[in-house]
Amino acid sequence: MKYPTDQQITEMLAGIEAPPETIMPSVLIRTALADEYTTIAGPLGLIHVAFTTLGVTSIVPTPDEAEFLEVHQRTVGRPTYATDFIPKRLDAPLQRALKTARLGGLPVDLRQLTPFQREVLDVTATIPPGEVRPYGWVAREMGSAGAVRAVGSALGRNPVPIVIPCHRVVRSDGAVGNYAFGSSMKMALLEHEGMEPELFAPGSLRYVGSDTTRIFCYPTCRNARRITERHRVEFARPDQAEAKGYRACKVCRPG
Amino acid sequence: MTADTVLRRRLAKDLDRAFPEMVTQMQGLVFNGARRWLPNRSDAEDIAQEVFVRAYRALSGYSPERIAELRIRPWLFTITINLCRNHARTRSRRPVEVVLDGHHSSGTTFATEQHAIDALVVDEWRVRLQALAPRQRDAIVLRHVVGLTYKEVGEVLGCPTGTVKSDVHRGLTQLRSILAMEDSP
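Those protein sequences? They're chains F and W, same order as listed. Under this note's numbering, the letters of the first sequence match residues 104 to 358, in that order. Under this note's numbering, the letters of the second sequence match residues 62 to 246, in that order.
Check each hint, because a few of them may be wrong.
Quick partial rundown of chain W residues pointing at chain F, CB under 10 Å, derived from the structure [as the list claims (entries may be wrong)]:
(1) Leu68
(2) Arg70
(3) Asp77
(4) Gln88
(5) Gly89
(6) Phe92
(7) Asn93
(8) Glu106
(9) Ala109
(10) Val112
(11) Ser121
(12) Val202
(13) Arg204
(14) Val206
(15) Arg237
(16) Leu240
Simulated from the structure, these hints should not be mistaken for laboratory data. Owing to the predicted nature of the structure, the values given are computational and were not obtained by experimental measurement. Where a beta carbon is used, it is the ideal one built from N, C-alpha and C, also for glycine.
Hey, can you work out the whole structure from these sequences and the hints?
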């Protein structure tokens, strides 16, 4: 090979090495076009959590990896890679959000949602632990009282349950209602927050008032729970309370 | 319609969906380009990642009209060559780290023996290319390793096509004499 021609040289030069397989996942993760996932302790046991550089993208209350991947694909739809490492920026707020059952300062990445779905979740995130609200309440708070069914289906597709507490939204007849991971898990989460199962018996009471303040609430409202037995008045409908001169609580805003 | 045209139309239409396709199509070229410029495989991999991350950030700020006009390959290699030059400059200012832990010393693990041989061949070429004038080396890598057209190389290096052709020609002549010297005892 003493006098190789230009062509021989360029052929040797063009020898292409296969690119490392790690380029694609790293690039997709760094650009938030793919998620990473791991397991973490949840209120009722081990759960799966997925995240991007922008925030938590998905929480699936199951220790089963295959079930997590199926749900993640359906709700988020991006590629996802297993990891053992939750970035510092997310770890502490996530632990706190799971422990206190409030979103707090936890960044969430819910880019795939419509503005309507996002608003349903924003309203739901304001329901404190240990309290529940009906589907109709969420619709009313959003200023679209007629959209009760749409609220229900948006909550059914909540990608980050537990930290956005869709389990705290129940049927207006008092029953606990549907949950993406089964009504029994919904009930268990509510019991875990200190709520009695009897609260959710069908036909259970719907509004509670105090005859001293003349204010009526949802039964789980923190203000309703401190009404003493002697001053406690029960109502089936808000108009019955209003007819007797009661006004709606400004904290739980029943209607 | 060239592959570049198809790709940029898809990127303009839905960046997030088409971007992984761009990585799939271009990662081999970007990595191998970086491989001829940088001393080791893990540096080339880091740079290749960085090229695509920066490309994505830039593209997300561009209007669909601008993406539809973009000449993807020259644009991507402008980013690559700039990152490689910056990398080389930063390295030359810093002392070389010597890590005694064998696993990290080269930053390189090979999946197969063939990878190791490929890497060896690549390294020989990198050393030969280092002997060329930077302009000739860049032109040869872009033309003959990456496979850009003379016109595209001119866009990356910011010089007329004629200049690229003569740089490539002089570089090849130089490489021929380097190979001849290696051959003689």
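The hints, checked one at a time:
Interface hint at W:Leu68: violated, since its Cβ lies 16 Å from the closest Cβ of chain F, which is beyond the 10 Å cut-off. At its closest, the beta carbon of W:Arg70 sits 19 Å from a beta carbon of chain F; the interface hint therefore is violated under the 10 Å criterion. With its C-beta approaching chain F no nearer than about 6 Å, W:Asp77 sits inside the 10 Å limit, and its interface hint holds. Interface restraint check: W:Gln88 against chain F, minimum CB-CB distance 5 Å, threshold 10 Å, status holds.
Hint status for W:Gly89: holds, given a least beta-carbon distance of 5 Å to chain F, under 10 Å. At a threshold of 10 Å, the smallest CB-CB gap from W:Phe92 to chain F is about 4 Å, leaving the interface hint in force. Satisfaction of the interface hint for W:Asn93 is found here, the shortest Cβ-Cβ separation to chain F being roughly 5 Å, below the 10 Å cut-off. Taking 10 Å as the C-beta contact cut-off toward chain F, the hint placing W:Glu106 at the interface holds, the least distance being around 5 Å.
At a threshold of 10 Å, the smallest CB-CB gap from W:Ala109 to chain F is about 5 Å, leaving the interface hint in force. Contact between W:Val112 and chain F, as hinted, is supported at the beta carbon level, the nearest pair being about 9 Å apart and thus within 10 Å. Given hint, W:Ser121 at the interface with chain F, holds; its Cβ is 8 Å from that chain's nearest Cβ, closer than 10 Å. A distance limit of 10 Å between C-beta atoms decides the matter here; for W:Val202 the minimum to chain F is near 8 Å, and the interface restraint holds.
At a threshold of 10 Å, the smallest CB-CB gap from W:Arg204 to chain F is about 8 Å, leaving the interface hint in force. Using the Cβ-Cβ criterion of 10 Å, the hint placing W:Val206 at the interface with chain F is satisfied: the shortest such distance is roughly 6 Å. Given the 10 Å rule on beta carbons, the hint for W:Arg237 holds: about 6 Å separates it from the nearest Cβ of chain F. Because the smallest distance between the Cβ of W:Leu240 and any Cβ of chain F comes to about 6 Å, under 10 Å, the interface hint for this residue holds.
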